[in-house]
Structures are given as C-alpha cells and as structure tokens.
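Join these two chains into a complex; the hints should help.
Here the protein sequences come in this chain order: A and B.
The first sequence maps to residues 1 to 296 in my numbering.
The second sequence maps to residues 1 to 295 in my numbering.
Covered stretches of chain A, as calculated for chain B (at least 3 residues, CB under 8 Å):
1. 48-56
2. 59-71
3. 111-124
4. 161-169
5. 216-230
6. 264-271
7. 274-280
Just so you know, the hints here were simulated from the structure itself, not pulled from any lab data.
All values reported here derive from a predicted model rather than from experimental measurement.
Where a beta carbon is used, it is the ideal one built from N, C-alpha and C, also for glycine.
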Amino acid sequence: MSVVPAEADADEAAADRGRALPRRFSLANLVIDAVLVLFCVVMLLPLVFLISNAFKTPQEILAWPPSIIPKQPIISNFTSVLTTTPLLRWIGNSVLYAGLSTICIVATSSVAGYIFAKFKFRSLQVIFMVFLATAIVPFEIYMIPLYFQAQQLHILNSIWGLLLGYLVMGFGIFLIKQNVEQSIPDELLDAARIDGASEIAIFTQIVLPLLRGALAALAVLAFFQAWTAFTWPLIVATNKNSYTAEVGLALFQTGFTIDLGPLSAASTVVLVPSVVLFAILRRNFVRGITTTGLKE
Amino acid sequence: MLARRQWLFAIVALLPILVIFGWVRLYPIEETLRMSLHEWNLISKNRPFIGFANFRELFGDRLFLTSLFNTTIIAFGTLIITIPVGMVIAGLIHHRLGSRLAGYFETATFIPYIVPLVPAAMAWKWIFDARLGPLNAFLSIFGISPLSWLFDPVLSVICIIVLCSWQAVGYAVLIYIVGYRSLPVSVFEAAKLDGASALQTFWHVTVPLLRPITLYVSVVTLIAGFNVYAQAYILASDSQGAPGRQVRVLVLDMLENSFRNYRVGYAASEAVILLLIVLLLTLVQFSLLRERGAK
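Next up, chain B with everything else stripped away, as it sits in the complex (with noise of 0.2 Å):
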C-alpha cells in the first residue's frame, strides 16, 4: 500500500520532466538518426529514405575529410598540451598545498576555463594578428621575421590549438588536484623509504596511480575538441573574413550543410558521425578502467 502510494507520487512528480526531457533531448536525438538515412532538403517537400548513401557520399566529400582531418588534429593536439601540463602544474600545486599561495594558483589556472570563450578568443586574435600582434612584435627580437599566424593552415590550427589548451589545462588542474588529494599516503612513505628519487617516484608511482584521472580527463578533453567550433569561428577567419572558413571543423561543415544548402539530411549524417567517435571515446575509457578493476 505505501510502496503503491510512493510510487505513484514518482510517476506524477516525474512526468513533466520526462515530457520536456523526451521533447528536448530524446525526440531531436532519434531525429538526428532518422534524418541521416534520408535525402532530407529543406527546399523539397519529397524526403526519401536513401539508406547509408549520406554516409557513402561524405567519405567522399573533400569539405568533410578536411573537416574531420582538422577537428582530428585540433583534439588530438588539445590532449597532448593538456595532459602533461595538468598533471605537472595540479602536482606542483598540490605539493605547495600548505602555502598560502595554493588557492591563487588554483584560480589562476581554473579563470581561463570559466571565461566566457568569445572575449577570450578577442584577447588570442590580438596577441596573433600579423601586423598588430604582440607575438609577432616578440619573435622579432629573436630576428624570426613576422608570420601570419591565422592565415597560414598550418600555423592558424596551431593557434586554435593554443586556444583550445589555454581553456582546457585549467579544467584538468583541478580534476588532478582532486586525483592527487586521493591517492594513498602509504605508497609514497614505502618509496621514500625504498629511497626512490621525487622524479622517480612521480614517474613510477604517482603516474601509474592517476591513470584512472588521466583517461577520464582524456576524454572529456577529446569530446570537447571533436566539438570545437567557436575557437575556430573567432580566430580562423578567411581572407575576405568569413568566420571559421580557414579552419574548417565538423561543427561547422554539419551547420554550412544545413543551413547554408539546405542538406539537413547531409549534415545529419555528419552528426552521427561525431555521436560515433563520441560514443567510441567513452567505450573506450569503461572498457580501459573496467580492465583495471579487473587486475
């Protein structure tokens, strides 16, 4: 009797937020799918079920390889910044725990991440413009004559990179700092005692126990890279100054796509892809940390 009366009362205090939630999340999702496998045009009424051929077409769609090739580099480079430098600055934090200056590092580092990314952004263009950059203005000291940094394809996704990174180390810092807070005081004692050196012991010790940290830091830095759009629409645009044409992502291709011809089938064919890697990324970590628990 009282479980049938609480019961009910979770059904009834659920339900509306089962309906928005099924009518925002839920219902676009499986829209997603459903439109990859048609020939969906916003300016025809005739809207097909055409199988896998959206996908078919963009492996062989030049826009899109380019885009996926960048957005590939941008979170793979992302990750490769952000790993080391959050696990040294948070370890480094960590150990200065006791000082009064810990909690000014720890913000210091974390601001970055919480600002919002447009003005940010503003701050990067300026300290890479050609012409007007103060990097530019610093690497003329060394003699390296001027470059341009966001016009060049190879140096503008090295900006992005930058960017992307400057935003992403803080997030990490203070998930290691959490990471560092937890591990067992014991190891490090037997180490010291075994008389390991600090690095050693960061190397072989410390390391091998933050992996848990490390691979779910990973991938939350990949899915937000894989979903960089912003970062390129700011600083990569292109000569005539389309916003985010230099740099071409995934997010990017799948609105141009969409809104500018009218493919919404097309693009979101492109969306399930990028749901794919998503979902790839994630396998992965569980199926890493599962084989871990295992051992």
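Same shape as in the complex, but just chain A (with noise of 0.2 Å):
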C-alpha cells in the first residue's frame, strides 16, 4: 500500500460538495464540526498559551483565567533571553546540522534507493534485506557505542559529531525504491542504455528528475527529524556552544524553573519557526511520513 494520491481526492471531494451541499447540510455535520474544532483548540492550547506567555509580564503569566492575548505586550522576555543565552547560535548549530543531515540522506537514500530498485542481483538483495532490518533498531540502542566512536574520531561538541548520528535512513532507502519500482518503467531506462547513455546519465538525467517529488518529501522527513532530535545532541554536545536548541532549551530550563517568561519565550523562537516551515511544507511532510507509514 502507498501514498494515496489526495489531490485527486480533493478534487472529486470538491465536485461533489458542489453538488450535494445543500442537500447534506444537517444537524449530524454541525455537531461533528463542533466536536473537531473543539478537539483542534484543545490540541493546540498549549502551544498558543506558550507563545502567549513569552509576551506576557510576570504578573500576567500567574493570572487566572490565562489571558490568550496579552494585555500589555512586552519584549523584554526575548531580548532577556538573547543576552543572556547563545541561543541564536543553539538554532544556528541545529539549523546546520539538521542541513547537512538532510543533504546526506537524500544522496545516499537516492542512489541506494535506486540501484536496490532496479539492479536484480541476488547479492543486492540481500544487502537490501540487512538495510531494512537495521531500519527497525531504534537509535537508542546503538547510541552508546556510536558515541565511542565519535570520540574517537575527536568530533564530540562539534557539527560532525552530531551528523554522525544521521548519516543515513534506513526508511529513506526503503521509501527511495518503493518510489523507484512505482514511478519509473524499466523499458525507459532500457530505451536510454539502448541509445548508448551511460549508467551515471541515466541516474541523473532520468531518475533523479523523476524522483523530485519523493526526494522533496524525504528531505523534509530527514530535517525534521534532526530538528527534533534530543538524545543523541545530549550526549555528543556537553559544551555550551556546541548545543542544538532542543538541548540549549532543555538544559536552560533546568537552570530557570521559575522564571517562565524568558522560558516562553525562548521556547516560541523555537517553535515558531519549525510550525510555519511544516506549514509551508506540509504537502511533501505528509506523503513522507505516509508512504514510510505504511509498508505493507
């Protein structure tokens, strides 16, 4: 099973609310409205109090009932926050880490992708099968050797070190070739080796064009994912200029319980920018995670 194409859904949903809305408008639709706008707010409240509460003075945040917008806006918290913690070079080191990462798995998802889709050799499949049973360990359980060998290798509190831990993507192999097998006949590449192209044009000037969109989608899977990753940055970065946000975030908040105005606020300048880059890539985001979701 694979990605369901939802444009087209959408489309023939829209013909037919062109027809049948008056018709279908009733009481069982309004209630069911009611009940998903009232699940949406109270799946998004906490992070609109959040962002709330980095404007709000210390006496706002302790009001009851909790303002939504405040009434006094302030920046203070921010400005607070941005002298007294590197926090632009925390978003600096994940947003280039979390770059870095995304551009290796995209290369090495798309050629291995490729060669496991198309080259039916016994020997390859088997690689294939190692691949794919790897994808299924979760990171924590190799977590501690590989830190070994980041230290080792001397790149602990560094942007190597952290790209250590995402090198590769088991998923973004398998989600690759799923594609691959779907969307590019063997008798093109076939016709191209036949007018004498060579392996490597074929690949780029064939494949990869084909594969805009599925790469599209695992690049976004990719940055999110190094984004949003906590552990593994916990543990390589242990000095104050070489940590993520999510961990400068962390530890920040272990040294401030109370003070939860900067705290907001550092959160919201976290936060807000990973909400409206998924909002611009949402397309591509959801046919990644549907497509490596479900691998019947």
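Here it is as structure tokens:
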C-alpha cells in the first residue's frame, strides 16, 4: 500500500461538494464540526499559551483565567533570553547540522534506493534485507557505541559529531526504492541504455528528475528528524557553544525553573519557525509520513 | 556483458554508502551486542567476557526494574489513549472530507506531532505546574485542591502519558485517514442496505476493516513509547532539579549506567533488552498480519 493521491481525492470531494452541499447540510455534520473544532482547539491550546506567555509580564503569566492575547505585550522576555543565552547560536547549530544531515540522507537514499529497486542481483537483495532489518532498530539501542566512535574521532562537541548519528536513514532508502519501483518503468531505462546513455547519465538525467517529489518528501522528513532530535545531541554536545536548540532549551529550563517569561520566549523562538516551516512543507511532509508509514 | 557492466556500476555506486552504513549502523549495533556480554568498565582496561551475568544482574536491579515498569506503563498508557482517539477523530475528519474545514482539522491535529518536543514539553510543564499552572487553577473551580502533578510518583507518570499521547495522536490520525480512504465503499453500501445504524457500521464494519492500520499504529506507538526519554527529562525533574529523576525510564537508566557509573557493558545489556522488546513487538505485528492474510 502506498500514498493515496490526495489531490485527486480533494478534487473529487470538491466536485461532490458542489453538487451535494445544500442537501447534505445537516445537524449531524454541524455537531461533528463542533466536536472537531473543540478537539483542535484543545490540541493547539498549549502551544498558543506558550507563545502568549512569551509576551506577558510576570504578573500576567500568573493571572487566572490565563489570557490568550496579553493585555500589555512586552518583548523584554525575548531580549533577556537573547542577551543571556547563546540561543541564536544553538538554533544556528541545529539548522546547520539538520541541513547537512538532510543532504547526506537524500544523497545516500536516492542512490541506494534506485540501485536496490532496479538492479535485480541476488547479492544486492541480500544487502537490502540487511538495510531494512537495521532500519527497525531504534537509535537509542546503538547510540552508546556510536558515542565512543565519535569520541575516537575527536568530533564530540562539533557539528560533525552531531551529524554522525544522522548520516543515513534506513526508511529513506526504503521510501526511494518504493517510489522508483512505482514510477520508473524498466523500459525507459533500457531505452536509454540502447541509445548509449551511461549508467551515471541515466541516474542523474532520467531517474533523479522523476524522483523530485519523493526526494522533497524525504528531505523534509530528514530535516525534521534532525531538527527535533534530542537524546543524541544531548550526549554528544556537552559545552554551551555546541548545543542544539533542543538541548540548549532543555538545559536552560533546569536552571530557570521559575522564570517562566524568558523560558516561554526561548521556546517560542524555537517553536514558531518549525510550525511555519511545517505549514509551508505540509504536503511533502504528509507524503513522506504516509509512504514510510504504510509499508505493506 | 551488459548485466556485468550494470552489476559493476551498482557495486561501485553502492560501496561508499555501504561503508558509511556499516560504520554508523551495523558496527555500533554489533558493539552493543558484544559489550552486553562483557564486564566493560570505562575506568578499567580489563574487559573480561562474563556471558549473561549483566542480564542476570539487571533482573535484580531495583532501579532497572523501576525503569522497565515505568516505561511499560507509559508505552501502554499512550497506546490506550492514542488508538481510540486517533481512530475516532480520523473517522470524523474523513466523514467531513468534503467540508472546507477538513484540511484545517488535519493540520491542527498534526502540529503537535511535528513541533520540537522540548518547547512543547515546556508548555505542558507550565500547565501542570503546581503553583503557577492553569490546570490546578482550573480544577479549583470544581473545589479540587491543588495537586503537585509533577512531583507525585503516580501523577507525574500520567503527565508524561498525556504529553506522549498529545504528540502521538497527530500521527495516528494521519495514518488512520489514509486507512479510511482505502476502505471499500461497497461494504458500507451493503451495511446501509441491511439497515445498520452508523454506530453499528462503525463498530462491526469499520473497526475490523481498519485492523491492519490499528496494528501498525499500535506497534509504532509502543516502540516510540519504550524509547521515551525527552518527555521525562523535561517534565519529571526531582525536587533537587535533576532532570528525569522523578520518573525513571529505560533510556535514562541506560545513560546513567553508561556515563555516570561508567558501566558501559551493563548499559549495553539494557539496550539489548530494549531491542528484544522492539523485535518482539515487530514480530507480533507481522505474525498477526500474516494470520489475517491467510484467512
């Protein structure tokens, strides 16, 4: 099972709506909408409060009932966080290592996925089974030996150390393999071979352009995976300048348990770009999740 | 001849990837397995093979057993909330697919899943805070006296389950929506002709048809639950402020044994237990799916 063509569905639904809306408008649907709206509000409320707290004075944060729009919005929470912590540096570290990780994962997955999909040699299929088998092993299980490998290379507390944990992605290879099998016919590749195209040219000029959508989905998944990683950066980065945004925030909060304003401001600075990025890339993201998600 | 050239290309292109993969995946996995059978201490050069002694010790280790217990409760607690909520909410969104709001519903439920965990956990930490948090203030309206959510051993586990579920539901909804779309329409028309009510249809037709999806989401949720760490790290600091100490989870115990007590071999044996749990869950999923396929 694979990706459901969401666009087609939406079109169908739109056509359906055009015909049936006046008739189908019913009390039941109204109740369902109300339930869903309520559910979504509850889901988003913690984040809304967090952002709103970032703009509140210490007194207002404690007020009951909590206000969503601050009465006297202030920005001193932000300025105090930005002057007392290297938050921007942490975010920079996160962006840099997540970006590098994305490049590595997209590069390795596209080559490996294509080869596993189109080169049907028994030896390769055995290797693929090994890749797939290790893909289900959670990171937490092998991170301690990986830590000592990073230590031997003297790359602890650096972007490279962070990157070491996120160079390859088993499910990424699987996702690309599936996409190649579904969307690139053998005949196309054979025709190119008969025309005398080299294997490298076939890959870069025929396969890669056809995989654009899948690669975009994978890139978004890979970026978010590294951007939201916690345990690996926590053990690899132990000095203040090499923290990622996640680790920096987590350690910051243990020092300032009571100072809610600056804490919320720091969280907001990390949170808002993620949500905005997600909103822009939503389609790619959903596509990535649903393909790796349903792998029967 | 052609096949030979292709094979050569495949191997040459794959080789660097194989090397990287072997280096950052296979080797450390093998190392975990090997260390778990050794008395592997960071401060001693002598690292003798001790068979399963680490594992035997683990099952008498109170801290490990507590961690295993807490982690299991968190994983299954999250599962019990996530599956029904995910299934129902996805069903409702699917029902309203024609509506203009459907896209917003989908996005809103999914946002908690994609946001970085630490700032999101910060929001929940404030909500649960005994003195400053809105939860106690809200409960006091109903005459419930303030509870110290994050310092009570039982309540703090519940807080972690709430946070984990809040994130997991978004994922479950997304996968379930795909599942609902793939259901055969004819079955529902038949049920309607037979005069089944909406609830009857949901319970006797939809839920059984969705079983492979439910199985898949359950296994993913459980595996994520057994690897819980950041959530406990942020929410469950003990009274001295040591992160994660209030609710011990497996990953925390493993990291402490390795980096605080320098007992790397012992920590590796914990990792192997975690691996066995994950393999068992995956095996259960595959065998249940196969059983279904055979019918």
